[in-house]
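Chemist: Chains A and B, in that order, give the protein sequences.
So in our numbering, spot 57 of the first sequence is number 66, and the numbers just go up one at a time.
So in our numbering, spot 191 of the second sequence is number 451, and the numbers just go up one at a time.
Any given hint could be a false lead.
[Unchecked claim] Beyond 12 angstroms from chain A on every Cβ pair, some chain B residues (computed):
1. Gly265
2. Asn333
3. Met365
4. Gln367
5. Thr387
6. Leu389
7. Leu391
8. Gly394
9. Pro436
10. Asp460
11. Val461
12. Ile474
13. Val499
[As the list claims (entries may be wrong)] Part of the chain A face toward chain B, derived, beta carbon under 7 angstroms:
14. Ile40
15. Met49
16. Ala53
17. Met62
18. Asp66
Just so you know, these hints were derived from the structure itself, not from any lab.
Just so it is clear, CB atoms sit at the ideal spot from N, CA and C, and this is done for glycine as well.
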Amino acid sequence: MTNIEKYTECFVMAFELQDDVNIEALEYQSIAQWDSAGHMVLMAMLEDCFEIMLETDDIIDFSSFEKGREIIKKYEVDL
Amino acid sequence: MLLEGKTAVITGCLQGIGRAALEIFAENGADVFACCQREDERFTRDIANLSVTCGVSITPVYFDLLDEEAVKNGARFIQKSKKSVDILVNVAGANFDALFHMVTMEQLKRTFTINFFSQVLFTQYITRLMLKHGSGSVINISSIAALDGNPGQLSYASSKAAIIAATKTMSEELGPKGIRVNALAPGVIKTEMTDAMPDDVRSRMISRSELKRIGLPDEVAGVILYLASDLSKYVTGQVIRVDGGIG
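With the sequences and hints as input, model every part of the structure.
Modeler: This is how it looks when you write it as structure tokens:
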């Protein structure tokens, strides 16, 4: 599994997404599951998946699928 | 064996309440990340023996709560172990006694850094490990000084009161994710901290308790064990006094 596939899978698992969801277009609070509580589950899954520990500022800035990619790249993950 | 198969993180394990918690957790089957401020040869030997006696894993983790980067590194070390963390006990703390008008801002900030800011930071990291499996128990050690006040303990009591507010807030936020958060408010417990108290102050506080004696660290650890275990699985957001009945 590539890193981008792992990254996408974290969203699927954290938010229990169905196949018809356009994951790449997801933004914070654009779906019911991505609320503040769901956000932290996503962060925990990403940390576990890529063996990183996110800074609080990055957790706050993680506002979309695309923005998240930029943030995760900062932790030397090739996305 | 109330904690068989569980993994706990305990801070302040070198002595006192943290040490007692470490021992009772190991005796009840928990693997433990034993966090201390500094390496200590005797402690290392003791936990190796405890680990063998109880058949559990005890991993020392060293960091100073005054050093934010060290706190993060401690959490990273635990994360990298890939163990599923079930319990966090925040025991480590510091006391600085001074009358209200004698408290410097530097002393106040230092006390809050150890007793509050770093504990919140560490708890943020460790509870994220709990979120993955949707369950956990966090136990924060506050003090009756936070509830009742105590002359000469402005910084200590205030920082411990902040921990109570954080406990209640975290409890509300993390409860829906299956994580319980509670606090203990010990009274006069026989630790290095209370050994350093003037005799008359300690005696006066003990005389206010209904049991008329000082508490022991393992008597606090027993309540920590209760809050860590499934015996308290419907208990969250609470502050439990362990003070021999100081009213």
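Chemist: Looking back at the numbered hints, which does the structure fail to meet, lowest number first?
Modeler: 2, 5, 6, 7, 8, 9, 14, 18
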